[in-house]
Structures are given as structure tokens and as C-alpha cells.
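**Q** Here is how the chains run, residue by residue.
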Amino acid sequence: MSRRAKESGATIIRYRGVVKRYGAFEALSGVDLDVHAGEVVCLIGPSGSGKSTLLRCTNALETIDGGAIEFEGARLPRDERALREVRRRMGMVFQSFELFPHLTALHNVAEGPRTVLQARRAEAENRARAMLAKVGLSDKATSYPAALSGGQQQRVAIARALAMEPDVMLFDEPTSALDPETIGEVLSVMKALADEGMTMVVVTHEMTFARRVGDWVAVFDAGRIVEQGPPRQIFDAPTTERTRDFLSHLGWHGETL
Amino acid sequence: MNFDWSVVGAHRHALAAATGTTVLLTVATMAIAVPCGIVVASVRLYAWAPLRAMATAYVELFRNLPLILLVYWAFYVLPIATDVGLSPFATGLAALALNVTAYNAETFRAGIGSIRRGQLEAAMALGMSRTQAVRRIVLPQAVRRILPVLASTWVSLFKDTSLVSVIAVPELAYVAMQIRAQTFRVLEMLTAMAAIYWLLGYPQAKLVDWIQRRYAVTE
Chain Z
386 MSRRAKESGA TIIRYRGVVK RYGAFEALSG VDLDVHAGEV VCLIGPSGSG
436 KSTLLRCTNA LETIDGGAIE FEGARLPRDE RALREVRRRM GMVFQSFELF
486 PHLTALHNVA EGPRTVLQAR RAEAENRARA MLAKVGLSDK ATSYPAALSG
536 GQQQRVAIAR ALAMEPDVML FDEPTSALDP ETIGEVLSVM KALADEGMTM
586 VVVTHEMTFA RRVGDWVAVF DAGRIVEQGP PRQIFDAPTT ERTRDFLSHL
636 GWHGETL
Chain P
3 MNFDWSVVGA HRHALAAATG TTVLLTVATM AIAVPCGIVV ASVRLYAWAP
53 LRAMATAYVE LFRNLPLILL VYWAFYVLPI ATDVGLSPFA TGLAALALNV
103 TAYNAETFRA GIGSIRRGQL EAAMALGMSR TQAVRRIVLP QAVRRILPVL
153 ASTWVSLFKD TSLVSVIAVP ELAYVAMQIR AQTFRVLEML TAMAAIYWLL
203 GYPQAKLVDW IQRRYAVTE
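First to last, the sequence lines map onto chains Z and P.
Quick note, the numbering used here runs 385 ahead of the 1-based positions in the first sequence.
Quick note, the numbering used here runs 2 ahead of the 1-based positions in the second sequence.
Just chain Z, same shape as in the assembly:
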């Protein structure tokens, strides 16, 4: 395995032998992976290979049936209150945005600080304004989600997650539901976040993003990681047949841009 650029960073998330079943179907069959501080770890692989499931297990939206997930050295708690604290420290961005349609962009972002951190209204709204500025949407504060483009909605969703000042950001196919012309604006917000040193776990089909921004790439197939390594290895010199197959199905023949 090749050298890992940010290995010096402490391990933030450690997956060990993670198993997840839905009835008779095994969605994850023993996944081992480390995420270090400041790293961007991209999870790639065909649909249904378990990458989104792993992400959803990370903040316990799904519970695991075997193995362990550690966050900052401690296993994910079972206790509801402790779990909420862990979730607060992991921002999550969904494929379908899941903005709150009855709230304006500003109130979407301020909702977490208000309800969870019990910030005063003015304080929460100031923070929300700062986060909207960060994703380039200061002028959309009073817009409702329905009035925003997909790319704008996803940027609001990123701002909403950032407003909780998370230690890790989890992205579940953040650009899969977007029109091609708005994918770029979301990816550049994510790139800026990575450049600031945010620890990120990104489930994605954007191979160019994984190649350029990722520090570490894990290739999933049928509930397992078939190969993991720095992007150079995965994209330029994949060691397993399964990785080569997957990349060629996507039409990846080296970087196109």
C-alpha cells in the first residue's frame, strides 16, 4: 500500500469489520477503513455496493450488526443523548439535499444552532449569514428552498451542516441529483472546504473530484472495500481487476480535464 499523505493526523473515524444487514441481504460484509484528521476520503464503487450505507452508519442513522465504528477513539454510543452529541459533530449532506421546505435558506441554516446549540436567535442568524456567505449565497438568505436551483439548495445544505461547527463532514453523493451545470459550484465549495483542512468522507461518482481532491480513495464492491489507496494508485495503477472494471465502466481512461 502506498504512503498516506496525511497519516500524521490523528485517526478521527476508524471502521473495523463493519457488518450491516437488511434482512437476509448483507449490505456491508466487514469493512475496515481509517479516516485521519484533515483528510478527504472518497468512497467510490457501483450503486448498491455499500458506500452510502457505511456513511449512514457513521453517524448512526443506521445501526451496525457487527464490527465497530470509532469516532475520536470511542465507539459510537448507544445512548441517545451521547449519540446526538456525536451527530452534532459530524455534518451530513444528503443526495436529495433535504432542506426544510417550510424555512428560508437563512432559517434552514440557523435551525441547528437554535434548536440543538440553543443559541439566541440573533447569534444563530449571524452565524447562518456567515455560513451562507461562505458558500456564496448571501443574497439568497430570504429565499425558500423551492426558489433555489439544485446547486444552490445543496450549498445551503452544506452551510446548514457547517453551522454546527462539525469536526467531520459526511457527503452522501452530494452531486448525484444535480443538473450537470450546477455540479461544479457544489464541488468547488467542497474543494474550498477541503483546502481549509476539513476532514471529509465523500461518497461520490465524480471521479475527477476523487482524483484531484481526495487524499485517500476506497473502492467498494458488494459490501466490501476491494481496494484502497491514494488516488494516484487507484486511478492510474489500480491493483485489482474489480477496480479496473468499475473505472472502465464509468469511462475513466485517465483524467480528461
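These aren't lab readings, by the way, just hints derived from the structure by calculation.
Ideal placement from N, C-alpha and C gives every residue a C-beta, glycine not left out.
Incorrect hints may have been included.
[Unchecked claim] Output of the computed footprint for chain Z on chain P, the stretches with three or more beta carbons under 8 Å from beta carbons of chain Z: (1) 123-129; (2) 134-143.
[Stated by the list, open to error] Quick list of the computed label-pair ranges, beta carbon to beta carbon: (3) P:Leu63 <-> Z:Val404: 39 to 47 Å; (4) P:Leu71 <-> Z:Asn511: 57 to 65 Å; (5) P:Tyr204 <-> Z:Gly521: 43 to 51 Å; (6) P:Arg54 <-> Z:Glu581: 42 to 50 Å; (7) Z:Ser523 <-> P:Pro205: 39 to 47 Å.
Starting from the known structure of chain Z, fit chain P onto it as the hints suggest.
**A** Leaving out everything else, chain P in the frame of chain Z:
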């Protein structure tokens, strides 16, 4: 046939007071049945299984009994069961609230069920408890979505309050029927009653339509 419309004018104070009682009965019933409906719906959706079964039993019992039977039942059974002599108004209110709560519970349950699971997950991913997520994110959307249904329940209720006339609650139907019995002016009193119900009911329906347009959530 002769009409003598002066009978309506002569009894205008009694009719006005009775109309007030009808409106009060409607408002009081909804004031009870909306929060209770939310509670029953939440129990059916989220609570511990035995409680859930009780809530389901409640809904299925009271939704499927004729309201008039419920009114009689409240009138004869409640005083014996509770050993408290309730006024006809309170008795009628209890019967109406039991019935409308069951309907509202189903309405809220459908409304909550129509909100995507992802909304609850997005709220919980921020660190909200399930209760916070339901209260702050799911319910406000559900309420907006079911406003038209609550509105028609409201308008039905406004008219159904007339059923409590059978236990002598002095609302519009009872009072109008009393005047009819004293004066033998049947058509005049029925017409006056119809006019009052319609004139009050129609603007209510329009008002609720407006509220719905104003607060509708587009996705």
C-alpha cells in the same frame, strides 16, 4: 300559504345568543381536538406498542360511531361513570371533541406520514432529538399539508354541532326548533336557520382556503 317573517326579527336576540353558542362550541371543540389529535397521532406513530394499540382502538371506536349516538351516550353515561353532573354544553362538547379528535388524529397521521423520512434524518443528523425533529421540522410541514382537510373538518363540525340539540344544548338548531315549536312558524324558522348556518359557514371555508394558500409549502 302565509309567511310571517316578523317571527325571525322578534326572536333575533335569542337567535344571536344561540349562534354565539354554536360558534363557541365549534371553536372549543377544535381547540381540544387539534392538540389531542396531534398527541393521538404521535402515539400511533412513535410510541411504545401497547400505547399505540390503545390509540388505534380509540380512533377506530370513535371514528366509526354515529355522532348522535355519542352525544346521547355522553349525556346518559358520563354522569354515571364520572359522578359529575356536567352541563349540557360540556356534555355536548365532550362528545364532539371525542369524535373530532379521532378524525384529526387520522388526518395528522396521514400528514406526518407524507413527509419524507429524509427530513427527519436531516434534522437528527444536526443533533436534534427525535421529538425536536418531529416538532420543529416534520409537524410544521405536515400541518401545512393537511390544512385543507382540517378546514373541511372545521366546516363539517360547525354544522354537526346542531346534533347536540338533542340534549338541549342551547345552540342555534335547538333554539330555532324551540321557537318553531312555540310559534308554529316552521318554514320561517328553518329558512332563518339555514341562512345563519350558510352565512357563517361560507366565509369560514373561504378564510381557511386563504390560510392554505398563504402558508402552502412548495417543494
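**Q** Now, for every hint given, state plainly whether the structure supports it.
**A** We went through each hint and held it up to the structure:
With 7 residues bearing a CB less than 8 Å from a CB of chain Z, the region 123-129 of chain P meets the requirement of three and the coverage assertion stands. A stretch counts as covered by a chain when three or more of its residues have a beta carbon under 8 Å from one of that chain; for the region 134-143 of chain P and chain Z the count is 5, and the coverage holds. Between Leu63 (chain P) and Val404 (chain Z) the Cβ separation comes to about 45 Å, which falls inside the hinted range of 39 to 47 Å. For Leu71 (chain P) and Asn511 (chain Z), the hinted distance range of 57 to 65 Å is satisfied, since their beta carbons lie about 58 Å from each other.
With their beta carbons about 50 Å apart, Tyr204 (chain P) and Gly521 (chain Z) fall inside the hinted range of 43 to 51 Å. Under the hint 42 to 50 Å, the C-beta atoms of Arg54 (chain P) and Glu581 (chain Z), about 47 Å apart, fit the expected range. The hinted range of 39 to 47 Å is satisfied by Ser523 (chain Z) and Pro205 (chain P), whose Cβ atoms lie roughly 43 Å apart.
Consistency note: the structure conflicts with none of the earlier hints.
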